[in-house]
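Student: Here are the chains, one letter per residue:
Protein chains: 2
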Amino acid sequence: MNTAATDALLKRRQRLLGPMSTFYDEPLHLIRGEGVHIWDADGREYLDCYNNVPHVGHCHPRVVEAICSQASMLNTHTRYLHENILDYVDRLTATFDASLSSAIMTCTGSEANDIALRIAQSVTGKTGVIATDHTYHGNTMAVAQLSCTNPPPGGHWPNIRHVPAPDSYRGLRNEAGELDSTAFTASVEQAIYSLEEEGYGLSAFIICPYFANEGFPDVPPGWLDGAVAAVRRAGGVIIADEVQPGFGRTGTHFWGHQYADIIPDIVTLGKPMANGHPVGGVVTQPSYLEAFRRDFRYFNTFGGNPVSAAAALATLAVVQEEGLMDNAQTVGEYAREGLLALAERHECIADVRGRGLMFGAELVVSRECKTPATALAKRVANGMRQRGIILNFLGIHYNTLKIRPPMPFSQANVDLMLEVLDVTLTDVMVHTDIEAGKNPGS
Amino acid sequence: MNTAATDALLKRRQRLLGPMSTFYDEPLHLIRGEGVHIWDADGREYLDCYNNVPHVGHCHPRVVEAICSQASMLNTHTRYLHENILDYVDRLTATFDASLSSAIMTCTGSEANDIALRIAQSVTGKTGVIATDHTYHGNTMAVAQLSCTNPPPGGHWPNIRHVPAPDSYRGLRNEAGELDSTAFTASVEQAIYSLEEEGYGLSAFIICPYFANEGFPDVPPGWLDGAVAAVRRAGGVIIADEVQPGFGRTGTHFWGHQYADIIPDIVTLGKPMANGHPVGGVVTQPSYLEAFRRDFRYFNTFGGNPVSAAAALATLAVVQEEGLMDNAQTVGEYAREGLLALAERHECIADVRGRGLMFGAELVVSRECKTPATALAKRVANGMRQRGIILNFLGIHYNTLKIRPPMPFSQANVDLMLEVLDVTLTDVMVHTDIEAGKNPGS
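Going down the list, the protein sequences come from chains A and B.
Residues 1 to 442 in my numbering are what the first sequence spells out, letter by letter.
Residues 1 to 442 in my numbering are what the second sequence spells out, letter by letter.
Incorrect hints may appear among the rest.
Claimed, not checked - Straight line, CA to CA, 20 Å or less: simulated EDC-like cross-link-like pairs of lysine to aspartate or glutamate: (1) B/Lys11 x B/Glu26; (2) A/Lys11 x B/Glu290; (3) A/Lys378 x A/Glu419; (4) A/Lys370 x A/Glu344; (5) A/Lys11 x B/Glu83; (6) A/Lys378 x A/Glu347; (7) B/Lys378 x B/Asp427; (8) B/Lys370 x B/Glu178; (9) A/Lys370 x A/Asp167; (10) B/Lys11 x A/Glu83; (11) A/Lys11 x B/Asp90; (12) B/Lys378 x B/Asp433; (13) B/Lys11 x B/Asp40; (14) A/Lys11 x A/Glu26; (15) A/Lys11 x B/Asp87; (16) B/Lys370 x B/Glu344; (17) B/Lys11 x A/Asp87; (18) A/Lys370 x A/Asp351; (19) B/Lys378 x B/Glu26; (20) B/Lys11 x A/Glu290; (21) B/Lys370 x B/Asp180; (22) A/Lys378 x A/Asp433; (23) A/Lys378 x A/Asp427; (24) B/Lys11 x A/Asp90.
As the list claims (entries may be wrong) - Beyond 10 Å from chain A on every Cβ pair, some chain B residues (computed): (25) Glu197; (26) Tyr259; (27) Arg345; (28) Leu376.
The hints are simulated quantities; they were obtained by calculation from the structure and are not laboratory data.
By construction, the Cβ of each residue, glycine as well, lies at the ideal position given by its N, Cα and C atoms.
Given these sequences and hints, build the entire structure.
Tutor: Spelled out as structure tokens, the structure:
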């Protein structure tokens, strides 16, 4: 039940912003955030197990200070010289392979991917693009074409190909017991053939190397080798969308593609890059950037301005200096062990997976049939929210717990989350059984 | 001559960001801004007659305070309820015709125009778009298609039509002595016919109602009536790009389309909206927004976040409460009178025009032939920069002085600008004459 104040806000919002989904049956009206906690208008505290944008924690004082200090000194565009953007790009590119040494700063990850597609076009002279069928790379007209989950009205452009996203829980395994990549490689090869046949040619293969929206299937390093080799043979470029796995989130590697053991030609960045300040970016090799700048004469008024660069620089410094990648590794491992223990008591928890502080588990109706429990997942998210824990769901079947907290998440935070998940699952299952006519006591 | 420090910065910038133009032969390395002034790394002060992004003045304390205060309290996305975005959209839409009562907040004007094109597609079911041949509406792949000055590699999409931009200095005049609109209307009608013939149909006619990039030709209210009527007859929608004339800049009206005396279906906003914080937006009627949200399920992670909304709200409040629109009117009039007086002594100054605090004059080789003095314009911009005044050039022939300072610009600022312009023109003309082999004393 919403309070009268929430209902009034919802009504006003509908009038001014149009129909927009809120995550929960009872929308959250937040007013404060600090570290891994957020508070609603009634003063109630929530543990944030979901938001990756406040990467180093809500309102991290060092990022806030960087923004305030620079905003009161100067905020202008990059036609004038300024050291902030240079200091940032220097520090940022130092985390990549030596070939990836130059960058464009944008305001959003969508803008970054929109540029990446055009860099690929400049470099290859082709326009064909391959993406997976359960990905999301952003919201511009061009980038929205990459999505099958939100298909564009009027259909996809004829130069776009989608390949089936990997499903490590249900997919075929090879002799080593790992998810087989043969079918994926073959579908990329087929897409290349089709693009060439129809005259578009291959420009780019764009992937989140962690397959975050696909439900982060468990794919080992080297799994993409076949697909990458096929793309390179055809003269295409590899775009790694690091908006989700980047900046140390997966614990063992600063970038998702480093774990996947590939070196992309173009890397795109967004959400966590400046802890919530609107910053995105594209990192690539200098010759690629030069080709793009020559062909497109791109300029972004707000991109890389002194305040945005200061916010991004402070965020990166905090990640590196406060050991947040190691924390993601340790705390993520601990959380997955806890989830596995919980799975012993909750039949619906299957296939605990993920790395670092982006992980979860599929909720299923039956482990034997691996039937996705999509409706249950929604109830669990709402039940957790009622109990003060914020998380959500994603994946091919929208049944995978999506746990992706700010990076300073602690083992104590994990304990609380699992405790509440235990209670919520028990409660939701009881109600599900009652609705199904079963006697919960039997 | 650049200093060694500037040369080092330029080299580092080239390495990290690739080839990017700076406005002047000697690039500016800025480190501080306040009101209408900016300072370089050597402590030299400049009068800013160019930057419209810091709309209410560089580092306006009220905007800085709004950003700092909200950034230290909460910054999250619009899936959660928050009052800032509602307070802003309420106050913003109050400045428009009653039909334009709902909005989407984005991070850039480019994102806003990218959305506007899709709103038009949702509403009309068509994809044909008409723009002028000297406009610029932004930098996404889709929006860049609207530009002829930066033509996209591979050519324009077949659903885009360009109509000749008006030129009030050289164009045909009607009996009332005003720029004739017959040819413009006819070219819009022809574009509509062509789009319908080729099966795209008419979706939208997008214009800056002030024709800012076209060199702000002097077109009277009602001038667009014929074109607008043709668009409406064909079932298309009108998109007014208010990124440049909006927020009171033109002095008499809060929005450029209000002076032009048209009511657009969609309005797009950007640059000055939050005084440099990355904020853009789209204002439209609720049924349009609903159609777009239904068809495209658009979500923008950073758009309308509590900090961005606070920055935009503070900026709008300052414009309204500090009387900046009236100031633009008074000071702009004063400046144009001064430019006209200067034109009496400088033959190259022709056709002083503009409104409010976005104005200038064409620089010509000869008033009789109206030959654009494009090279001279560049020398003047560099000469002014050397003398501590920041301005630039634009227009169809890139020979129109572009004077567009922060809105708190004063009459004293005008006096200084004109005084330096006088000296610079004299100096530049002497050097031009010497190079041409003329004796300046003769």
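Student: State for each hint whether it applies.
Tutor: Going down the list of hints, with the structure as the test:
Distance restraint check for B/Lys11 and B/Glu26: the Cα-Cα separation of roughly 14 Å lies within the 20 Å cut-off, and the hinted pair is therefore satisfied. Proposed proximity of A/Lys11 and B/Glu290 is supported: the alpha carbons are some 15 Å apart, at most 20 Å. The suggested pairing of A/Lys378 with A/Glu419 holds, with an alpha-carbon distance near 18 Å, which does not exceed 20 Å. Distance check on the hinted pair: A/Lys370 and A/Glu344 sit about 16 Å apart at the alpha-carbon level, within 20 Å; holds.
With a CA separation close to 12 Å, the supplied pair A/Lys11 and B/Glu83 stays within the 20 Å bound. Between the alpha carbons of A/Lys378 and A/Glu347 the distance comes to roughly 17 Å, so the proposed pair stays at or under 20 Å and holds. For the hint pairing B/Lys378 with B/Asp427, the CA-to-CA distance comes to about 14 Å; that is within 20 Å, so the pair holds. Under the criterion of a C-alpha separation no larger than 20 Å, the hint pairing B/Lys370 with B/Glu178 is consistent with the structure, at around 18 Å.
Taking the CA atoms of A/Lys370 and A/Asp167, the gap is about 12 Å. The hint holds against a cut of 20 Å. For the hint pairing B/Lys11 with A/Glu83, the CA-to-CA distance comes to about 12 Å; that is within 20 Å, so the pair holds. Our distance criterion of 20 Å between C-alpha atoms is met by A/Lys11 and B/Asp90, whose separation comes to about 13 Å. For the hint pairing B/Lys378 with B/Asp433, the CA-to-CA distance comes to about 16 Å; that is within 20 Å, so the pair holds.
Taking the CA atoms of B/Lys11 and B/Asp40, the gap is about 18 Å. The hint holds against a cut of 20 Å. For the hint pairing A/Lys11 with A/Glu26, the CA-to-CA distance comes to about 14 Å; that is within 20 Å, so the pair holds. At most 20 Å may separate the alpha-carbon atoms for a hinted pair to count; A/Lys11 and B/Asp87 meet this at roughly 13 Å. Our distance criterion of 20 Å between C-alpha atoms is met by B/Lys370 and B/Glu344, whose separation comes to about 16 Å.
With a C-alpha separation of about 13 Å, the suggested pair B/Lys11 and A/Asp87 falls inside the 20 Å cut-off, and the hint holds. For the given pair, A/Lys370 sits about 10 Å from A/Asp351 by alpha-carbon distance, which is consistent with the 20 Å threshold. Between B/Lys378 and B/Glu26, the direct Cα distance comes to roughly 12 Å. Compliance with the 20 Å bound is thereby established for this hinted pair. Restraint check for B/Lys11 and A/Glu290: the C-alpha separation of about 15 Å stays at or below 20 Å, so the hint holds.
Distance restraint check for B/Lys370 and B/Asp180: the Cα-Cα separation of roughly 18 Å lies within the 20 Å cut-off, and the hinted pair is therefore satisfied. For the given pair, A/Lys378 sits about 16 Å from A/Asp433 by alpha-carbon distance, which is consistent with the 20 Å threshold. Taking the CA atoms of A/Lys378 and A/Asp427, the gap is near 14 Å; set against the 20 Å cutoff, the hint holds. At roughly 13 Å between alpha-carbon atoms, B/Lys11 and A/Asp90 fall within 20 Å of each other, so this suggested pair holds.
Once the 10 Å rule is applied to beta carbons, B/Glu197 is consistent with being away from chain A; the minimum gap is 19 Å. Non-interface status of B/Tyr259 relative to chain A is upheld: no Cβ of that chain comes within 10 Å, the nearest being about 24 Å off. With 10 Å as the threshold on Cβ separation, the claim that B/Arg345 sits away from chain A holds: the shortest Cβ distance comes to roughly 31 Å. Non-interface call for B/Leu376 relative to chain A: holds, since the shortest CB-CB distance, roughly 21 Å, exceeds 10 Å.
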